[in-house]
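Here's the letter readout for the chains.
2 protein chains.
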Amino acid sequence: MKEKLGLIHIYTGEGKGKTTAAIGLAVRAAGNALKVLFVQFLKGGEESGEIKIFKGLKKNIEVIRFDQRHPIFFKKGDTKKGLINAAKDALKLIDEKIKSDKYDLVILDEINNLIVQGWADVNELMDIIRKRPKGVEIVLTGRGASDELIEMADYVTEMKAIKHPFKKGIKARKGIEY
Amino acid sequence: MKEKLGLIHIYTGEGKGKTTAAIGLAVRAAGNALKVLFVQFLKGGEESGEIKIFKGLKKNIEVIRFDQRHPIFFKKGDTKKGLINAAKDALKLIDEKIKSDKYDLVILDEINNLIVQGWADVNELMDIIRKRPKGVEIVLTGRGASDELIEMADYVTEMKAIKHPFKKGIKARKGIEY
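Chains A and B, in that order, are what the protein sequence lines are.
Mapped onto the working numbering, the consecutive letters of the first sequence carry residue numbers 3 to 180.
Mapped onto the working numbering, the consecutive letters of the second sequence carry residue numbers 3 to 180.
Simulated from the structure, these hints should not be mistaken for lab results.
Take these hints with a grain of salt, some might be off.
No copy is singled out in the list; a pair is fine if it fits within one copy or between any two copies.
Stated by the list, open to error - Once the Cα atoms are required to be at most 27 angstroms apart in a straight line, the calculated DSSO-like pairs of lysine-lysine come out as: (1) Lys165 to Lys136; (2) Lys176 to Lys94; (3) Lys104 to Lys57; (4) Lys57 to Lys37; (5) Lys82 to Lys37; (6) Lys101 to Lys133; (7) Lys99 to Lys170; (8) Lys83 to Lys6; (9) Lys83 to Lys136; (10) Lys104 to Lys37; (11) Lys83 to Lys165; (12) Lys61 to Lys37; (13) Lys60 to Lys6; (14) Lys60 to Lys37; (15) Lys90 to Lys176; (16) Lys45 to Lys82; (17) Lys170 to Lys133; (18) Lys82 to Lys176; (19) Lys169 to Lys82; (20) Lys136 to Lys176; (21) Lys136 to Lys99; (22) Lys61 to Lys82; (23) Lys57 to Lys162; (24) Lys176 to Lys60; (25) Lys83 to Lys176; (26) Lys176 to Lys57; (27) Lys176 to Lys104; (28) Lys133 to Lys54; (29) Lys136 to Lys45; (30) Lys162 to Lys45.
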C-alpha cells in the first residue's frame, strides 16, 4: 500500500453485504500483496465457502474463527459470564496479533454484535484500535455499531435493506447467504 | 446450492462496499463449488487485486472485463453512439454466456452506471435477466439503480455513506479502495 493511512471502516445496518464486503476487501488486499488478519466471531459450526478460499491464500490471509466450537469462545455449560471472559480472551489475542505489526488489514467480522450483546466492552476494543501500529487498517462489521465506534471511524457504511427476501420467508442458502 | 432460487440482488447507493460485496459473494460461492461469471464494466486499466485472486480460482470464477482497453468497449475516437453499440455487444455476449447455463451466479459489476449514463438500455438488461435459465442468481451493482430494476429484484441493499474519507480529501488507495 503506497499510503498506509490506517483508516477505520465500519460496515453496519440490517441489509446484506456487511460480511461479504469484508470478504471482498480481504481478497482485494491479498491480491495486492497486503497481509490480512480476518477474525470471524459468532459463526456457525461448518466452515463457510470464503474460509475455504482464504486457506488457499494463506500467504496473505490469516483466519481466526471464534465459533461455537472454538474452545476459548464457547465452553460446555457456558454462562453469560463465561462468554464475557471468552470474549475478553479473544480481544487479548487480537490485540497481540495487531501489535505484532505483521498485518496491513485487520477485519473483525461481527464484532459489533458482541458489543451489542454486552459480551465485549467497547472501551477495550477502542483501546486496542487506538494503540495499533501506525498504518494498520481496521474493519469492523455487524449490526448496531455503537456511537463511540462510529465517532472514531473514518469510513462508515450502513447497509440498508431496501428489499430482503427473508421477509418473504426465504431461508439462508449456502454459497449465497453464508 | 441446495435450493436454486435464482434471486436477483442489487447493491446500490453512494457508500463503500458495492463492488467489494460482489467480490465477497463471488468468493463465497466459489468456495462452495458454485460456478461464477464475474463481469466488470468501466474499470480502469490495471488489473485489480481481486481479479488476480479470481484468476487463481478459474475453475469456479470466470472473469470478463470491459474496461477502457477492451476492444469491444472503448475504441479510439469513440463517440456516445460508439459506446452504446459497444454496450449492446457486451450485453449480447453476457446474454449468450448466461443462456449457456454454465453459471450459478452472474455478477454484473457497475452495470447500473451504464444504465444511468444512458449507454445501456434497461429493458434489454431486464429481458436478459427474465429469460435466464432457471436458478441462475444475478447480482447488479453500481450507483443509481433504476426503479424498474429495484422493482424486479428480490434483494436490494443501499450502501449508505454515513462517513466517507473522500470527503476529507483522502484519495483512493490500491488494495483498499480498488
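Going down the list of hints, with the structure as the test:
1. Lys165 to Lys136: between (40 angstroms within a copy, 21 angstroms between copies)
2. Lys176 to Lys94: neither (32 angstroms within a copy, 30 angstroms between copies)
3. Lys104 to Lys57: both (18 angstroms within a copy, 26 angstroms between copies)
4. Lys57 to Lys37: both (13 angstroms within a copy, 19 angstroms between copies)
5. Lys82 to Lys37: Answer is neither: 34 angstroms inside a copy and 42 angstroms across each miss the 27 angstroms cutoff.
6. Lys101 to Lys133: Intra 8 angstroms, inter 53 angstroms, cutoff 27 angstroms: intra-copy only.
7. Lys99 to Lys170: Result: close neither inside a copy nor across copies, 42 angstroms intra and 30 angstroms inter.
8. Lys83 to Lys6: Neither: 38 angstroms inside a chain and 42 angstroms across chains, both beyond 27 angstroms.
9. Lys83 to Lys136: neither (34 angstroms within a copy, 49 angstroms between copies)
10. Lys104 to Lys37: So Lys104 and Lys37 pass the 27 angstroms test inside one copy only (7 angstroms; across, 34 angstroms).
11. Lys83 to Lys165: neither (37 angstroms within a copy, 35 angstroms between copies)
12. Lys61 to Lys37: both (8 angstroms within a copy, 25 angstroms between copies)
13. Lys60 to Lys6: within (22 angstroms within a copy, 31 angstroms between copies)
14. Lys60 to Lys37: So Lys60 and Lys37 pass the 27 angstroms test inside a copy (10 angstroms) and across (22 angstroms) alike.
15. Lys90 to Lys176: neither (31 angstroms within a copy, 34 angstroms between copies)
16. Lys45 to Lys82: This pair counts as within: shortest intra-copy Cα distance 18 angstroms, inter-copy 48 angstroms.
17. Lys170 to Lys133: Answer is between; shortest inter-copy Cα gap is 23 angstroms, intra-copy 45 angstroms.
18. Lys82 to Lys176: Cα proximity of Lys82 and Lys176: none, with 30 angstroms in one copy and 42 angstroms across.
19. Lys169 to Lys82: Neither. Shortest intra-copy (30 angstroms) and inter-copy (41 angstroms) distances fail the 27 angstroms Cα cut-off.
20. Lys136 to Lys176: The answer is between: 18 angstroms across copies meets 27 angstroms, while 38 angstroms in one copy does not.
21. Lys136 to Lys99: This pair counts as within: shortest intra-copy Cα distance 14 angstroms, inter-copy 46 angstroms.
22. Lys61 to Lys82: This pair counts as neither: shortest intra-copy Cα distance 36 angstroms, inter-copy 44 angstroms.
23. Lys57 to Lys162: Answer is neither; intra-copy 31 angstroms and inter-copy 31 angstroms both fail.
24. Lys176 to Lys60: Answer is both; intra-copy 23 angstroms and inter-copy 20 angstroms each pass.
25. Lys83 to Lys176: Classified as neither; 32 angstroms inside a copy, 42 angstroms across copies.
26. Lys176 to Lys57: both (18 angstroms within a copy, 23 angstroms between copies)
27. Lys176 to Lys104: between (32 angstroms within a copy, 19 angstroms between copies)
28. Lys133 to Lys54: Neither. Shortest intra-copy (31 angstroms) and inter-copy (33 angstroms) distances fail the 27 angstroms Cα cut-off.
29. Lys136 to Lys45: For Lys136 and Lys45, the Cα distance exceeds 27 angstroms both inside one copy (30 angstroms) and across copies (31 angstroms).
30. Lys162 to Lys45: Both, since 22 angstroms and 25 angstroms are each at most 27 angstroms.
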